[in-house]
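Novice: The hints should help you fit chain U onto chain Y, whose structure is shown.
As a plain string of letters, each chain reads:
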Amino acid sequence: MDTFKAIAASPGIAIGQVFLLNPKRIKTVKRRIGQEQVQKEQERFRQAVLAVEEQLKKLISELPEEIKEHSNILKSHILMLRDKMVHDRCLRLIEKRQVNAEWALELAMDEIQQLFRTVKDTYIRERLEDIGFVVNRVKAVLAGTETRLDLSSIEEPVIIVARNLSPADTLHISKEKVLGFVTELGSRTSHTAILARSLGIPAVVGLDDITSKCLSGEMMIVDGLKGQVVVEPDEQTLSDYRLKHEKYLKYRLEVIHNSNLPAETTDGYRIKVKANMELVEEIPIVIQHGAEGVGLFRTEFLYMTSRTLPTEDQLFFAYKEVVERLKPYPVTIRTLDIGGDKLASGLNCEEEINPALGLRAIRFCLREKGLFRAQLRAILRASVFGDLRLLFPMVSGKHEMVQVKRLLGQIMDELKAEGKPFNKDIKIGIMIEVPTAVLTSDILAKETDFFSIGTNDLIQYSLAIDRVNEAVCHLYEPLHPGVLRMIKMTVDSGHKEGIEVGMCGEMAGEPLYVPILLGMGLDELSMNAMAIPKTKKIIRQSNQEECADFVQELLSLDSARMVREKAIEFFRQNYSPDMETMDLLELGLNI
Amino acid sequence: MKAKRSVIILNRLGLHARPASRFAKTASNFESDIWVEKDGISVDGKSILEVLTVSCPSGSQITIMAEGPDATEAVEVLAALVADRFGEID
Chain Y
1 MDTFKAIAAS
11 PGIAIGQVFL
21 LNPKRIKTVK
31 RRIGQEQVQK
41 EQERFRQAVL
51 AVEEQLKKLI
61 SELPEEIKEH
71 SNILKSHILM
81 LRDKMVHDRC
91 LRLIEKRQVN
101 AEWALELAMD
111 EIQQLFRTVK
121 DTYIRERLED
131 IGFVVNRVKA
141 VLAGTETRLD
151 LSSIEEPVII
161 VARNLSPADT
171 LHISKEKVLG
181 FVTELGSRTS
191 HTAILARSLG
201 IPAVVGLDDI
211 TSKCLSGEMM
221 IVDGLKGQVV
231 VEPDEQTLSD
241 YRLKHEKYLK
251 YRLEVIHNSN
261 LPAETTDGYR
271 IKVKANMELV
281 EEIPIVIQHG
291 AEGVGLFRTE
301 FLYMTSRTLP
311 TEDQLFFAYK
321 EVVERLKPYP
331 VTIRTLDIGG
341 DKLASGLNCE
351 EEINPALGLR
361 AIRFCLREKG
371 LFRAQLRAIL
381 RASVFGDLRL
391 LFPMVSGKHE
401 MVQVKRLLGQ
411 IMDELKAEGK
421 PFNKDIKIGI
431 MIEVPTAVLT
441 SDILAKETDF
451 FSIGTNDLIQ
461 YSLAIDRVNE
471 AVCHLYEPLH
481 PGVLRMIKMT
491 VDSGHKEGIE
501 VGMCGEMAGE
511 PLYVPILLGM
521 GLDELSMNAM
531 AIPKTKKIIR
541 QSNQEECADF
551 VQELLSLDSA
561 RMVREKAIEF
571 FRQNYSPDME
581 TMDLLELGLN
591 I
Chain U
1 MKAKRSVIIL
11 NRLGLHARPA
21 SRFAKTASNF
31 ESDIWVEKDG
41 ISVDGKSILE
51 VLTVSCPSGS
61 QITIMAEGPD
71 ATEAVEVLAA
81 LVADRFGEID
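Protein sequence lines, in the order shown, are assigned to chains Y and U.
Just so you know, we're using my numbering here: the first sequence kicks off at 1 and counts up by one.
Just so you know, we're using my numbering here: the second sequence kicks off at 1 and counts up by one.
Same shape as in the complex, but just chain Y:
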């Protein structure tokens, strides 16, 4: 028995036989051809390209509804296939070197690799992988072999183990034949991982060298909750996992089944539970998991993927799509929350010694007015297509809000003059994540329509702890009495002015903290969509008044350790045995 740990890409447990997907080593038959055969060989290549184009088009048309979003990847593959880099180069090589199409493709790929080798930009460099996928398809057609993941020989559903799965392969995976998959490459945000989550197939990715550590037919357990893979498990492990699997299925069924029930406590306190999201592809997941809207729509993605800044229209269409598809649910969009150093374009930024405390988020946007203006215009223009709200990150005091509102007013005047429609009553909110914003929350509450507490940064800034610094990260403690007081203070200041207060940090999606947040009187929790069903379940088992009393008790304690002990005790008393070990395991909570 061997146990490995890597990235948990899609939750769930799969137990079954390994189907080792050898990196399709399509044998390249190399052949020299005579001058008189050149034209024929070129035609053979053209036909193969056409065939691949047809394959990809067919694949796009066959995509099941729930993953239709992903067709763009395949469309870009068609474009690459047609680009002169591959296409014309190959035709040329057939003629110049007098070799067959297969060989020419290989030569072409060598040249292309050379071209990409020196490229510094990671986004561009990663396109080489896509070119590789496409070229392999052409090779397969030339060789007369099937490029589709051939699962026809499989009788029992299997666990696919591969070095890498192309988006096309993943899209082709059917739930009937595939229990789960494990790949050597990939990350949580790679297309393959997102697809696995859309399809509900457990997956572990980024597991180095796994293809040489197991054989087809061997037993394997894929634990997509913990990111664990067990090869040839012993009887004990197997039966433990079967039990865990069963519990998980039951839990999942119940949770999904109930995920659209309102998040209401036993004493009738209604709290909104929303999702955090970043990619358009996540919309179906957000809806399936019972989100009542998006509490935090991160907008950094479009700025980081191409070296040029996105244009106002590009942003507008992206925002419009999200708002329209989530209608009638509200979408809270956070303006750009990075510094210039993180932008793919670099914007000629100086390297900062301490970027967390540097020129980023609202500070950066207020300095790079052109960039900020384009984003605000796009958001305002999209605001007529649904319920769109604006959230400003890293506000430290009133002065920034004055500037933001002045700019917003100017932009509204501009749009009006241009005859472009927008929602002039768009709700604007402040992300509470700088300690001075908490301390002046009574002042800020008068400047805004809502607060959203961003706990990740608030905790980091309050405790002066860099979470990625291993020497101090253990001191990161959401239950520190100081942190609890800040949350309470923010909620109270907001409510005093009659505005809603939500939370959109990681803390909002952790079961242990949910009763505390309910007791604090928060109006909204926004989290990773996957965490919504179980959070709602906890809420429905809670009594808000009891939680409020409990929070009073917690606020009188003098150390984080004591708060944590009490919180765990409270959780155990009120939420077990219903909230079984399974839920807790899933969260990695060690209680």
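Hints in this document: simulated from the structure, not taken from any laboratory.
Note that the Cβ used here is the ideal one computed from N, Cα and C, for glycine as well.
Be aware that a few hints might be false.
[As the list claims (entries may be wrong)] If you anchor each label on the Cβ, the simulated ranges turn out as follows:
id: 1; chain 1: Y; residue 1: R31; chain 2: U; residue 2: A83; range: 44 to 52 Å
id: 2; chain 1: U; residue 1: P57; chain 2: Y; residue 2: E264; range: 41 to 49 Å
id: 3; chain 1: Y; residue 1: G419; chain 2: U; residue 2: S6; range: 39 to 47 Å
id: 4; chain 1: U; residue 1: G87; chain 2: Y; residue 2: L555; range: 55 to 63 Å
id: 5; chain 1: Y; residue 1: A417; chain 2: U; residue 2: P69; range: 45 to 53 Å
id: 6; chain 1: U; residue 1: M1; chain 2: Y; residue 2: R97; range: 39 to 47 Å
[Stated by the list, open to error] Distance condition first, Cα-Cα at most 25 Å in a straight line; then the derived DSS-like pairs of lysine-lysine:
id: 7; chain 1: Y; residue 1: K120; chain 2: U; residue 2: K2
id: 8; chain 1: Y; residue 1: K244; chain 2: Y; residue 2: K226
id: 9; chain 1: U; residue 1: K25; chain 2: Y; residue 2: K75
id: 10; chain 1: U; residue 1: K2; chain 2: Y; residue 2: K96
[Said to hold, decoys possible] Some chain Y residues flagged as far from chain U (calculated, every beta-carbon gap over 10 Å):
id: 11; residue: D83
id: 12; residue: M85
id: 13; residue: L253
id: 14; residue: I353
id: 15; residue: E553
id: 16; residue: M562
Specialist: Coordinates of chain U only, in the frame set by chain Y:
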């Protein structure tokens, strides 16, 4: 017919996705073969992917070369496109 001209990339973000695509599309309108050369490496000016691989930050110099019946005109039009910052507003 052959033509050749050196130009400086002026737009702030250099020869990235959108400019590269605009360049290749414009180049494809000409019959002549077109190359972009930088630091001794030349790539096909009609291929978006190839133009992309020439890392061209703002301020770098590239040479546009063309060979064919409309070479002179091609080089002129493409040089103008670069000088015009690919029509982008910086």
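Novice: Now, for every hint given, state plainly whether the structure supports it.
Specialist: Do the hints match the structure? See the list:
1. Y/R31 to U/A83: 44 to 52 Å: holds, 48 Å
2. U/P57 to Y/E264: 41 to 49 Å: At roughly 56 Å between Cβ atoms, Y/E264 and U/P57 fall outside 41 to 49 Å, so the hint is violated.
3. Y/G419 to U/S6: 39 to 47 Å: holds, 45 Å
4. U/G87 to Y/L555: 55 to 63 Å: At roughly 60 Å between Cβ atoms, Y/L555 and U/G87 fall inside 55 to 63 Å, so the hint holds.
5. Y/A417 to U/P69: 45 to 53 Å: Cβ of Y/A417 to Cβ of U/P69: about 49 Å, so the range 45 to 53 Å holds.
6. U/M1 to Y/R97: 39 to 47 Å: violated, 28 Å
7. Y/K120 to U/K2: It is violated: about 32 Å lies between the C-alpha atoms, which goes past 25 Å.
8. Y/K244 to Y/K226: holds, 12 Å
9. U/K25 to Y/K75: Holds, at roughly 18 Å.
10. U/K2 to Y/K96: holds, 22 Å
11. D83: violated, 5 Å
12. M85: violated, 4 Å
13. L253: Y/L253 is indeed farther than 10 Å from all Cβ atoms of chain U, at 44 Å.
14. I353: holds, 24 Å
15. E553: Consistent with the label, Y/E553 stays out of reach of chain U, its closest Cβ about 56 Å off (over 10 Å).
16. M562: holds, 54 Å
Taken one by one, the earlier hints fail for this structure at numbers 2, 6, 7, 11 and 12, listed in ascending order.
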